[in-house]
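A.B. asks: Here's the letter readout for the chains.
There are 4 protein chains.
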Amino acid sequence: MPPSALTPFDRLKAACADDWRAYCQHDFVRQLGAGTLPGEAFRHYLEQDYLFLIHFARAWGLAVYKSRSVAELRQGLDMLKAIVDVELGLHVDYCRQWGVAEDDLLRIPEARATMAYTRYVLDAGNRGDLLDLHVALVPCMIGYAEIATWLNAQPFLKRDGNPYASWIAMYASDEFQDAADAERRWLDERLASVDPARFAELAGTFRDATRLEADFWQMGLERRF
Amino acid sequence: MPPSALTPFDRLKAACADDWRAYCQHDFVRQLGAGTLPGEAFRHYLEQDYLFLIHFARAWGLAVYKSRSVAELRQGLDMLKAIVDVELGLHVDYCRQWGVAEDDLLRIPEARATMAYTRYVLDAGNRGDLLDLHVALVPCMIGYAEIATWLNAQPFLKRDGNPYASWIAMYASDEFQDAADAERRWLDERLASVDPARFAELAGTFRDATRLEADFWQMGLERRF
Amino acid sequence: MPPSALTPFDRLKAACADDWRAYCQHDFVRQLGAGTLPGEAFRHYLEQDYLFLIHFARAWGLAVYKSRSVAELRQGLDMLKAIVDVELGLHVDYCRQWGVAEDDLLRIPEARATMAYTRYVLDAGNRGDLLDLHVALVPCMIGYAEIATWLNAQPFLKRDGNPYASWIAMYASDEFQDAADAERRWLDERLASVDPARFAELAGTFRDATRLEADFWQMGLERRF
Amino acid sequence: MPPSALTPFDRLKAACADDWRAYCQHDFVRQLGAGTLPGEAFRHYLEQDYLFLIHFARAWGLAVYKSRSVAELRQGLDMLKAIVDVELGLHVDYCRQWGVAEDDLLRIPEARATMAYTRYVLDAGNRGDLLDLHVALVPCMIGYAEIATWLNAQPFLKRDGNPYASWIAMYASDEFQDAADAERRWLDERLASVDPARFAELAGTFRDATRLEADFWQMGLERRF
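Residue numbers (this note's numbering), protein chains in the order written: chain Y, 1 to 225; chain W, 1 to 225; chain A, 1 to 225; chain B, 1 to 225.
One chain only, chain Y, in its complex shape (with noise of 0.2 Å):
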């Protein structure tokens, strides 16, 4: 591949690439960087990611469902593992610490834009087919990898005493990078044989996510239900 050519998961980008830009480097982002997140901000993210992981499992549940290979049973087992075995605890860890106990997070009312992402990601994998189930969920995963790495180029970043470093290099840590590549390659692959009709309508699902996403970090922001 020439330097200049776009893999087909690029073209997904650039095709709503002021929404992506507006989601990757959002104010809620920055301010986490930056470490002058306000800490009921980043509270309020938090438990609210807590409700989205809970809809996140089911989305790879469903991904398990939507299977047509061993293969495919395994590449869905394993996010759920990763999701229910290890960030789930990692998250009421986190709360813990930012003051949470993990029997407040179950009467924790779900916000709008929890709900919005969640579902419009559920419905895609349940109108369409794997394949569309992947779009819709990787803004998240290959989203939050792209943030990390982005956060850890920025001189903005604080790195000595910003309490959301332990985030920021969960995100950046080799294991979730991985995940995140293993997933690009796989989309990769399925998109390069679709037809521009079929990437088309992909693409629309990408970026419907992509501004949900970004109005999970408005959401933490606001400190809004």
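Treat the hints loosely; a few may be bogus.
All copies of an identical chain are treated as equivalent in the list; a pair is satisfied when it fits inside any one copy or across any two copies.
[Said to hold, decoys possible] Only pairs whose alpha carbons sit at most 25 Å apart, straight line, appear in this in silico SDA-like list of lysine to any residue: (1) LYS158 / GLU222; (2) LYS81 / ASP195; (3) LYS81 / GLU201; (4) LYS158 / ASP174; (5) LYS158 / LEU90; (6) LYS81 / SER69; (7) LYS81 / VAL70; (8) LYS158 / ARG223; (9) LYS81 / ALA15; (10) LYS158 / THR7; (11) LYS81 / SER193; (12) LYS81 / ARG68; (13) LYS81 / THR36; (14) LYS158 / ILE168; (15) LYS81 / VAL92; (16) LYS81 / LEU51.
No lab work stands behind these hints, which were simulated from the structure alone.
Using the hints provided, position chains W, A and B relative to the given structure of chain Y.
C.D. replies: For chains W, A and B alone, coordinates are given in the frame of chain Y:
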């Protein structure tokens, strides 16, 4: 039943009385009745409601899929006919009156509030059974019937020269009110036999859907995407 | 298109030519044309076909849910009307003529072959997208149209006094043939742009569904549950 | 509970006692215990059971999607791990011992009985809620546990030199029996609060699934596709 007794559906509403009132007596609704709603707000609402109806039809398609009897098949089919054969056409006519051509309708971006409510309903239906789906759908169907009845009883209602008179008349019509009554009876019958834990679960869905309906009015009022 | 060229749908059939012939020219079909099919076999088939139609309607409800455009909504709705408003009624009439009352129809146990084919179609649709669903459905719809046309061209067809003449006439009618033609055109358009791997996947679904349709005739012939 | 009282799950079995017995004490099972089952029949069963497990995993993926709590997510995930990380591997090992290479497994056509049972379960789960899905799944899970226990108590059981001893031991193991017990407890708790109409509906699903499991043994015995 003594006069004071609540039907099961009344209990669903009572379990989220403030949210139900905030939805049914929303400023958008009041301004519509008073004839003071800005035309731009109504047009924005109409356009999004057209997109809403498409997903609403999808939800009744899902109801047909979820049916366990010929009677349930027919119930879903009747609703589909009402939406696709009647309501969609009325919306196209309305939009034309308000200066929006049918072709334009297909180019309008879907607002967040539209995505949030429609996908919530569809996921509630896919996750649960036919009753979950109906409970998520009825804030729209029965809500609109109650809103039209309520408006017609308000002193602030502008009857002459109200540009929204035909909208109110449509939902106050015998046809629409009868459909809402039938739905209420179906729900009351189903809800009568559920145990308290299941009722609480359904009441949560009903409350969420009601809040998302109120957001839909607010989206119209603020002309937001 | 040169005379020798195959349409995409022809290629689906060609990919399982033996199975397609075994289904369309099944002994049940031949005996039906010759007027020699035992009445008991036809009655058993009719009863199961009534149950089949209920799930077939559910499948078209699923198609409505899976729609991405108003045109697709209408396509699904038209099929639902044809099945629920017309075909179910014809089946009830037929069954009455063959000595089975409508109430009895609801007490009839579902045969294995009925469960196998209907649930296969529904899962193919839920797992994949709208195209997967159609490909699983068409062996029934287009198959019946081809069977009626084929029978009408066979020397062994008994025209006078054939107790199954009206059954053949129903599927040979312009109305049914036109619906099958419309479905063929829709499929040809969709299949034209899929890549070979996707075509192979769909061909597998089509072959499975065709085999399960042949099993359905066999079930009738053997009067099995 | 007095000794004579039936648990809700016992009542499910009692509602189709003949079908349950026909499944659990099927000739395939008896010959397996007696060590007289033809190797070809067992191999055919094993190959189809491998395909079955793939859809069984899809069903537990669907259970994850249908979850309403973290506890339900974990229940589904645990079953997925047991199937994909353990049982599939055991099947590949077994198949190798019986002369079937892993690559061959992927080329084996799916038998009708495999399609019928697996798709029935998946549709029951998609149409209804998580309880419908479990009720359709348990004839397999709890049935295999009961079969292993029953075989170990039969005078005709061949203990020494039985080529199927390790198969029986696997399902008689504490690990498998404990999982079946946990599932029984979950079901008993859920079934305890359903009203009679709902119980009858679920009993119908349980009976159908049980009959389809018996067909699966019969398919092995007759080496049918």
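A.B. asks: Can you give the numbers of the hints that this structure goes against, from lowest to highest?
C.D. replies: Those not satisfied are hints 2, 3, 9, 10, 11, 13.
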